[in-house]
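Peer 1: The residues making up each chain are set out below.
Protein chains: 2
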Amino acid sequence: MDPVIILVEPQLGENIGMAARAMANFGVTDLRLVRPRDGWPSEKARNAASRADHVIGKTLKFETVEEAVADLDFVYATTARQRDMLKTVRHPVEAAQILRTTVNTGGKVGIMFGRERWGLNNDEVALANEILTLPVDPDFSSLNIAQAVLIICYEWRMSGSDREAALPFETPDVPRASKEDMVRLFDHFEEALDEVGFFRPPEKRQHMVQNLRTILQKGDWAEQEVRTLRGVVAALQRRHERSRQ
Amino acid sequence: MDPVIILVEPQLGENIGMAARAMANFGVTDLRLVRPRDGWPSEKARNAASRADHVIGKTLKFETVEEAVADLDFVYATTARQRDMLKTVRHPVEAAQILRTTVNTGGKVGIMFGRERWGLNNDEVALANEILTLPVDPDFSSLNIAQAVLIICYEWRMSGSDREAALPFETPDVPRASKEDMVRLFDHFEEALDEVGFFRPPEKRQHMVQNLRTILQKGDWAEQEVRTLRGVVAALQRRHERSRQ
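Line by line, the protein sequences are chains A and B.
Note that UniProt numbering has the first sequence beginning at 1, numbered continuously upward.
Note that UniProt numbering has the second sequence beginning at 1, numbered continuously upward.
Calculated directly from the structure, the hints in this document are not laboratory data.
There could be a bad hint or two in this list.
Claimed, not checked - Derived lysine-lysine pairs resembling BS3-like cross-links, with alpha carbons at most 30 Å apart: (1) A:K179 / A:K218; (2) B:K218 / A:K179; (3) B:K87 / B:K61; (4) B:K108 / A:K218; (5) B:K204 / B:K108; (6) B:K61 / B:K218; (7) B:K58 / A:K218; (8) A:K61 / A:K87; (9) B:K61 / B:K108; (10) A:K108 / A:K179; (11) A:K108 / A:K58; (12) A:K108 / A:K87; (13) B:K204 / B:K218; (14) B:K44 / A:K44; (15) B:K44 / B:K61; (16) B:K218 / A:K204; (17) A:K204 / A:K179; (18) B:K44 / B:K87; (19) A:K179 / B:K44; (20) B:K87 / A:K218; (21) A:K44 / A:K58; (22) A:K218 / B:K218.
Claimed, not checked - Covered stretches of chain B (chain A as the covering partner; in silico rule of three or more C-beta atoms under 8 Å from a C-beta of chain A): (23) 2-16; (24) 24-36; (25) 39-45; (26) 88-97; (27) 152-158; (28) 193-203; (29) 230-238.
Since this is a predicted model, take the numbers as computed values, not measurements.
Even glycine gets a Cβ: it sits at the ideal position worked out from N, Cα and C.
Please model the complete structure; the sequences and the hints are all you need to start from.
Peer 2: Following this line, the structure appears as structure tokens:
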């Protein structure tokens with residue numbers, strides 16, 4: 001059970017579609033509209049949703065906010081400005097955790113978003129359990145609806161899974177080079193550099209070797225990467241041998 | 001010092017403007033464009049930025065990705081699909097923390113975003129230190145550029161509230177190698193390896209170069225360490241020249 005996203009009197013079909021797409025990006029699919037200005041269904045919305053048809057297709061339209069939230073147990077009102085109400089104000093991270101806990105205990109939850117121009121009115125905010133606001137720059141706080149929906153659905157998704165598991169793909173899982181591999185790489189490098197008289201003067205050799213080993217150590221390389229590097233050194237060495245003959 | 005946002009070959013001015021607005025929402029203001037299709041400056045971008053003129057006004061345009069990242073010390077490549085590279089893949093939360101730590105130790109950081117249609121190519125990804133991807137629904141993973149920028153700038157802003165625990169002692173504070181230093185190291189290595197015919201067969205060269213750059217990238221080396229490595233390559237090269245005579 002994911003949260004229901006409620007857009008109150010959205011004006012532009014494009015914004016409804018972009019909100020639907022933002023929801024779909026993070027696996028949220030229940031969209032409700034209260035008195036969309038240009039009516040519903042909307043071609044502009046479907047186009048802007050760019051293939052989030054599974055969201056657009058089951059979007060519900062309501063005449064009042066009260067009806068739109070009637071079956072929900074816990075609702076957030078999103079707002080960018082402070083209201084003269086004694087309501088708890090939450091950051092998206094905390095809000096997502098509270099919604100997750102409510103859902104996990106059998107509750108049905110929703111998040112209300114207001115009009116493009118001036119958001120939700122105080123009567124609508126008053127219907128919500130708590131207020132949700134975003135940590136925007138106070139000097140540039142106007143987010144469009146789709147972007148507010150995006151961030152909140154992103155936090156919802158994160159609250160549900162450990163982060164790595166939520167990623168579409170992960171760092172390739174390849175065996176790390178062992179210290180033995182690394183020491184072979186060190187020896188190989190140092191042999192090649194001795195051949196070309198790199199470590200001069202001799203009394204500096206130990207310190208130069210320590211530096212080089214520190215540098216090579218930083219790579220935290222995979223086995224196959226260390227093999228590649230040894231191939232590099234070998235290639236440069238073979239050239240010497242060839243050219244010596 | 002906030003991260004630099006780099007858009008590679010953005011097609012639509014609207015997307016550039018929406019990205020600028022998303023940056024401004026979270027206090028990020030340095031935008032760089034590589035070969036924007038419709039040129040720069042762009043009226044469409046300025047309109048879509050809806051008053052994020054402080055971002056649009058100082059946006060820089062570059063001809064190549066290498067130039068766009070030359071002065072940066074640590075760069076993320078954002079991508080929605082897995083690449084055949086042994087690069088570390090980070091979630092936005094971890095990436096923001098890594099960027100914050102780098103900035104706090106004097107590093108200059110950036111985040112690259114690809115084209116609307118097909119993102120960054122592998123050569124561009126190979127230039128980055130690590131890969132950044134978003135925890136989207138694998139069945140609906142296409143985010144537009146502005147929304148990817150929005151979420152990452154949001155996490156950047158959130159990472160600022162974290163405090164680093166005081167350590168008994170710290171990593172020596174030495175200047176990190178810039179991307180320019182790294183690209184010189186890449187070129188130097190590849191030149192030396194071309195001399196010895198390492199990149200065979202020719203059609204494999206590009207992929208071998210990408211692997212080698214990925215390997216060298218992992219060191220996160222200081223300027224002086226990259227100088228040492230170039231000395232290593234030069235020593236091995238000089239030997240060839242001498243022995244060729």
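Peer 1: Please count how many residues of the segment 2-16 of chain B have a CB within 8 Å of a CB from chain A and say whether that reaches 3.
Peer 2: Three-residue rule not met by the segment 2-16 of chain B, so violated; n is 0.
Peer 1: K61 (chain B) and K108 (chain B) were given as a pair; does the straight-line alpha-carbon distance stay at or below 30 Å?
Peer 2: holds (18 Å)
Peer 1: Is it true that the CA of K218 (chain B) sits at most 30 Å from the CA of K179 (chain A)?
Peer 2: Holds, at roughly 17 Å.
Peer 1: Holds or violated: K44 (chain A) with K58 (chain A), Cα cutoff 30 Å?
Peer 2: holds (16 Å)
Peer 1: Mind checking the alpha carbons of K87 (chain B) and K61 (chain B) for me, to see if they're no more than 30 Å apart?
Peer 2: holds (27 Å)
Peer 1: K87 (chain B) and K218 (chain A): Cα distance at most 30 Å?
Peer 2: Distance ~15 Å between K87 (chain B) and K218 (chain A) Cα, so the pair holds.
Peer 1: Verify this for me: three or more residues of the segment 39-45 of chain B with a beta carbon less than 8 Å from a beta carbon of chain A.
Peer 2: violated (count 0)
Peer 1: Verify this for me: three or more residues of the segment 230-238 of chain B with a beta carbon less than 8 Å from a beta carbon of chain A.
Peer 2: That given contact holds, which follows from 5 residues of the segment 230-238 of chain B lying within Cβ reach (below 8 Å) of chain A.
Peer 1: Tell me if the straight-line CA distance from K218 (chain B) to K204 (chain A) falls inside 30 Å.
Peer 2: holds (27 Å)
Peer 1: Is it true that the CA of K61 (chain A) sits at most 30 Å from the CA of K87 (chain A)?
Peer 2: Satisfied, since the Cα-Cα distance of roughly 27 Å is no more than 30 Å.
Peer 1: Hey, K61 (chain B) versus K218 (chain B), does the alpha-carbon distance stay inside 30 Å?
Peer 2: holds (28 Å)
Peer 1: Do the alpha carbons of K218 (chain A) and K218 (chain B) lie within 30 Å of each other, as the hint requires?
Peer 2: Roughly 7 Å between the alpha carbons, so the hint for K218 (chain A) and K218 (chain B) holds.
Taken one by one, the earlier hints fail for this structure at numbers 5, 7, 10, 18, 19, 23, 25, listed in ascending order.
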